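**Student:** Sequence:
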Amino acid sequence: MERFKGYNYTVYNDARINEKISSDLSYIVTEILKVIKSDHIHSIVLTGGFGRGEGGVIFEKKGEIRIVNDYDIGIILRENPLKYLLNLKGYSEKTAYLSERLAHELNIKQVDLSVKNSNMLRFLPPTILYYETLNGYKLLYGNGDLTRIIPNFKSEDLPLVEGTKLFLNRGGGLLIAAKYFIPSGDVEEHDKLNFIVECDKAIMAMGDSILLLERKYHYSYIKRKEIIRSLNLKNVPLSEKIIPMYISALENKVKPDFDNYPKMDLITWWFEIQELYDEFFKQFEQIRLGVKFKTWLEYVNLRKFDRKYSIKRRLLETAKAGSKVKEFRSWKAVLNGKEAYLLGIMPLLLFSLKRDGYDDGLLSRAEELLKISVNGNEETKWKTLTDRFLLLWHETGEATRVVGR
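No gaps in the numbering here: position 272 of the sequence shown is 277 in the numbering used here, and each next residue is one more.
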């Protein structure tokens with residue numbers, strides 16, 4: 006706890022909140038050191054909103070502090086890159102189990118533990134993750150200074166493919182949210198907070214992607230709100246609909262307030278976001294790829310990433326998966342990369358869900374890509390295929406907890 010003195014994790018700068026989070030982080034570090042030897046570790050860092058002092062918390066009715074955002078923890082190893090790649094599968098398995106246990110013990114949605122290599126950090130391409138880390142992290146263990154290792158990325162260096170990655174990941178989050186109300190037709194009280202968080206993240210993905218288009222992305226939620234208000238976005242697709250929702254989601258990120266949400270029809274709200282997400286990212290991907298397409302069935306067959314990007318991603322994905330590459334269901338999927346494979350499936354599942362039923366054409370194509378045959382009605386097919394996607398997408402966290410519901 007001594008190391009964490011003076012650390013502020015939220016915009017509230019509240020001593021009680023900081024003490025609670027410091028206690029959680031101290032425990033997390035202790036548990037990490039039980040599964041990874043300290044002499045292998047260069048540093049352990051807190052990234053994400055809490056690392057930048059913009060984490061989300063709420064006070065429960067009994068005065069208890071509830072963590073709304075995930076804890077994003079980077080475990081930076083000092084071993085040589087080849088040894089790191091050979092051991093990455095083992096590290097990933099250890100941290101996946103630990104991540105799930107810590108989330109349960111600390112009563113938060115997710116503790117995201119990612120294992121990186123200090124030598125490989127020097128050669129990173131510009132990404133949102135490392136741009137944000139460079140501009141706001143907290144050292145929890147070790148003495149390493151990441152600003153001396155990570156290349157000095159600027160906002161304008163971020164490629165549009167970062168918006169595509171947001172499209173995939175926040176689209177997956179919308180599928181999680183849909184699992185809360187299918188088949189019951191309602192969101193249970195204990196699921197409402199997570200449902201709202203996933204929907205807000207999808208809204209933020211659209212707003213963040215607008216900033217990427219304008220080369221104005223910023224690591225701070227607060228600054229993003231200021232920037233988006235100052236821009237002339239008349240020529241940006243759907244910006245007049247997205248911006249008010251984006252500002253509201255940003256505000257709810259740093260100062261979570263869920264009191265007004267129960268007054269809304271949450272499922273209608275989900276479909277409004279999903280339909281906007283469909284229209285916006287269809288246009289975004291056409292801009293990024295420089296290719297016209299009308300439907301997500303056409304999009305499936307397009308090359309999503311350039312070859313240089315794909316080779317780097319495939320190397321890490323295959324090392325991390327180890328023998329589990331067979332779960333990609335085809336060698337074509339392995340060769341193209343897991344991220345590209347999932348990016349072909351996610352929109353088929355997300356946009357097959359309609360207010361009045363399902364799009365069987367999209368479901369059938371998803372069934373082909375996942376190489377499984379599902380008996381039953383369209384709802385059964387959607388649930389089975391979505392569960393399969395979620396398990397391939399994430400091995401831990403809320404994605405796995407909603408499977409089988």
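Derived from the structure by calculation, the hints contain no laboratory data. Hints are supplied without guarantee of correctness; some may be wrong.
Below, simulated EDC-like cross-link-like pairs (lysine to aspartate or glutamate); rule was C-alpha separation at most 16 Å, straight line [stated by the list, open to error]:
1) 359 x 277
2) 114 x 219
3) 268 x 219
4) 99 x 167
5) 239 x 262
6) 246 x 191
7) 114 x 303
8) 228 x 284
9) 230 x 219
10) 197 x 284
Computed from a predicted model, the values in this text were never measured in an experiment.
**Student:** Is residue 359 within 16 Å of residue 277, Cα to Cα?
**Tutor:** Roughly 11 Å separates the two Cα atoms, so the pair holds.
**Student:** Does the structure keep residue 114 and residue 219 at a Cα separation of 16 Å or less?
**Tutor:** Violated, at about 32 Å.
**Student:** Tell me if the straight-line CA distance from residue 239 to residue 262 falls inside 16 Å.
**Tutor:** violated, 30 Å
**Student:** Next pair to validate is residue 268 with residue 219; report whether the Cα-Cα distance is within 16 Å.
**Tutor:** Answer violated: residue 268 to residue 219 is near 35 Å, above 16 Å.
**Student:** Going straight from one Cα to the other, do residue 197 and residue 284 come out at no more than 16 Å?
**Tutor:** Violated, at roughly 26 Å.
**Student:** Compare the distance between the alpha carbons of residue 230 and residue 219 with 16 Å, and conclude whether the hinted pair is satisfied.
**Tutor:** Roughly 14 Å between the alpha carbons, so the hint for residue 230 and residue 219 holds.
**Student:** Hinted pair, alpha-carbon criterion (16 Å max): residue 246, residue 191. Please report holds or violated.
**Tutor:** Distance of about 26 Å is beyond 16 Å: violated.
**Student:** Are the Cα atoms of residue 99 and residue 167 separated by 16 Å or less?
**Tutor:** Roughly 28 Å between the alpha carbons, so the hint for residue 99 and residue 167 is violated.
**Student:** For the pair supplied as a hint, residue 114 and residue 303, confirm whether the alpha-carbon distance does not exceed 16 Å.
**Tutor:** Violated, at about 35 Å.
**Student:** Does the alpha-carbon distance linking residue 228 and residue 284 stay inside the 16 Å limit?
**Tutor:** violated, 26 Å
When each numbered hint is compared with the structure, violations occur for hints 2, 3, 4, 5, 6, 7, 8, 10.
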